[in-house]
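Line by line, the protein sequences are chains Z and A. Residue 0 is where the first sequence starts when you use numbering that gives the first Met the number 0, and the numbers rise one by one after that. Residue 0 is where the second sequence starts when you use numbering that gives the first Met the number 0, and the numbers rise one by one after that.
Hints are computed from structural coordinates only; laboratory data are not their basis. Here the structure is a predicted model, which means the values were calculated and not measured. Hints may contain errors.
As a list, the in silico DSSO-like pairs of lysine-lysine whose alpha-carbon atoms are at most 27 Å apart [unchecked claim]:
1) Z:Lys184 x A:Lys17
2) Z:Lys272 x A:Lys17
3) Z:Lys107 x A:Lys171
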Amino acid sequence: MSTLVSTPPTTRTVLSTAVPNPRPLRLVRHSLALAKRSLIKTWRTPEALIDVTLQPVLFLVIFVYVFGGAVAGSTHDYLQFLLPGILAQTIATGVIAIGVNLNTDIAKGIFDRFRSLPIPRSAPLVGAVLGDVVRYVIVTVSTLAIGYLMGFRIDTDPLRAIAGCLLAVLFALCLSWLPVYVSMKVRTPGAVQGLMFALIMPLTFASNVFVSADTLPGWMQAFVDVNPMTHLVAAVRGLFVGTPLGSHVWWTLAWCAGFVAVFMPLALRAYRKKI
Amino acid sequence: MTADLVIEAEGLVKTFGKTRALQGVDLAVPRGTVLGVLGPNGAGKTTAVRILSTLLAPDGGTARIGGFDVVRDAERVRQTIGLTGQYASVDEDLTGRQNLELFGTLLELGRNGSRRRAAELLEWFDLTAAADRPAKTYSGGMRRRLDLAASLVGSPNVIFLDEPTTGLDPAKREDMWDVVRSLVTNGSTVLLTTQYLEEADALADAITVIDHGRVIAYDTPEGLKRVVGGQTLEVRPSDPAHLGRVAAILSEVGSGAQADEIRKGVLAVPVTDDEALTESVARLAAAGIAVTELSLHLPSLDEVFFTLTGRTAAEDDTTGLKEIAA
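Just chain Z, with the same shape it has in the complex (with noise of 0.2 Å):
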């Protein structure tokens, strides 16, 4: 440290007569570059995959094998209704991860900086959901991938196939911002993970990820029928299976912009009062 030389480096910018930036997609560009940031994270931090990778082939082997010729007569036959399923179900819980992530950050030093720059207010946290995009393409693809293995096969196209893990991937991110919500309004990362849990539990049960939802009990149907889960699990289920899409896709789509218009102003506004 003793090399330290007397002068600072030359580059000053003269930032205090600058007017405040006109760049157009600030909030876009800087949220962007914070996403890099988690990625980074996730990077450097594979073992935070765990949730995401193993949780699909724990279900899929255990269901399949399990249950599959009870509840379907065969295993193959089970494992082409269950995937798409499992997908949707490791997709919800893989979200209550950015909760628990966030309630731990936001603690740390490095949200005071980002607070303190000439940056919007909600690009960390418009930039921890986007960052979180490859966690829902490495579920998408690590399940796909051990369902092949296990015989699954894809009776659609190909276009349709990776339409239906868009959809996924999609309702995933706007799913995101339940938990990052959650995260502001909580104290401890276990109360993030236990709340989260109590929340997504019941809406992937209460669904037909594991059975046809007409084989439940009336008053359960009429939960069954409204709950984002079918909608999601059934869009996927008729891209990759070919089962009717009815409306489902759009339902899929209308419950994803149901919880960004919620969610996103409810987060950003706990986000910018804690303080």
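Given chain Z, work out where chain A should sit, using these hints.
Below, chain A alone, put in the same frame as chain Z:
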């Protein structure tokens, strides 16, 4: 507004629950100077810095940085300032270089500009060798340098340093002081908080002493030292039998007061100038008296507070703890 006051705060008030962290604090820092804000833990130093750096809104009073109000023109203020404190830090999972480049991008330096600026700062802070390691592997001193470098990415005109040397060993502290001096030479205005009178004395053009959220003194370092007493010379003779003769010598080189035995075997006398040190060394040598310890001290923060308030800084530590918790 006085034209060349870069940092100005009037009557800042901030309350956390029942804790009154700031109870009407005024601060003023002319362009190109260093203000040292001196106070114990929980005095309100950090709260004041957080308000001035737009992280916290005051409950009362106003503050302006470069003429911009920290509440109404927060965006403009953020373009002017750099903030270093234990709370405003870097991302531990990113490398030093990735951190600096991220802040460069967020400050609109562009891809090449960010890279160039990051390389410059890494070089200046002697972090080039460690640039591509995650920040969490850095030592305390390296981490502090990276924190400071991160706050300088945008070449800010106004720099807040919240206890920049707390926890650093003396050699690293001196290095940090050199950095602060060079920032000022380069035209920056600095507000620095510290718990050490010695640090404020070494760096600041003026010192504001705060306690329990109030300013209890504002003066130049010289003026403050006149009030709280200057330096003390402490000597521990190797042979306790020489205490009497040493006391006689010290009383002569001192500023008039008699030498006291402040701890067992250690004599102390107030002195007015640095020459007292060399003179006493010469006279002790001439008398053939060996010493194991000989040092010159400024009053500690406790002594400063005792003089200014009549009680020690540590007496109400509970208030301090509450403020930190808040």
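Review point. Taken at face value, is the distance from the CA of Lys17 of chain A to the CA of Lys184 of chain Z at most 27 Å?
Key: 22 Å, holds
Review point. Is the hinted pair Lys272 of chain Z and Lys17 of chain A satisfied, with a Cα-Cα distance of at most 27 Å?
Key: Between Lys272 of chain Z and Lys17 of chain A the Cα gap is close to 19 Å, so the pair holds against 27 Å.
Check your understanding: CA of Lys107 of chain Z to CA of Lys171 of chain A, is that 27 Å or under?
Key -> Roughly 24 Å separates the two Cα atoms, so the pair holds.
Hint check: no violations occur; every hint is consistent with the structure.
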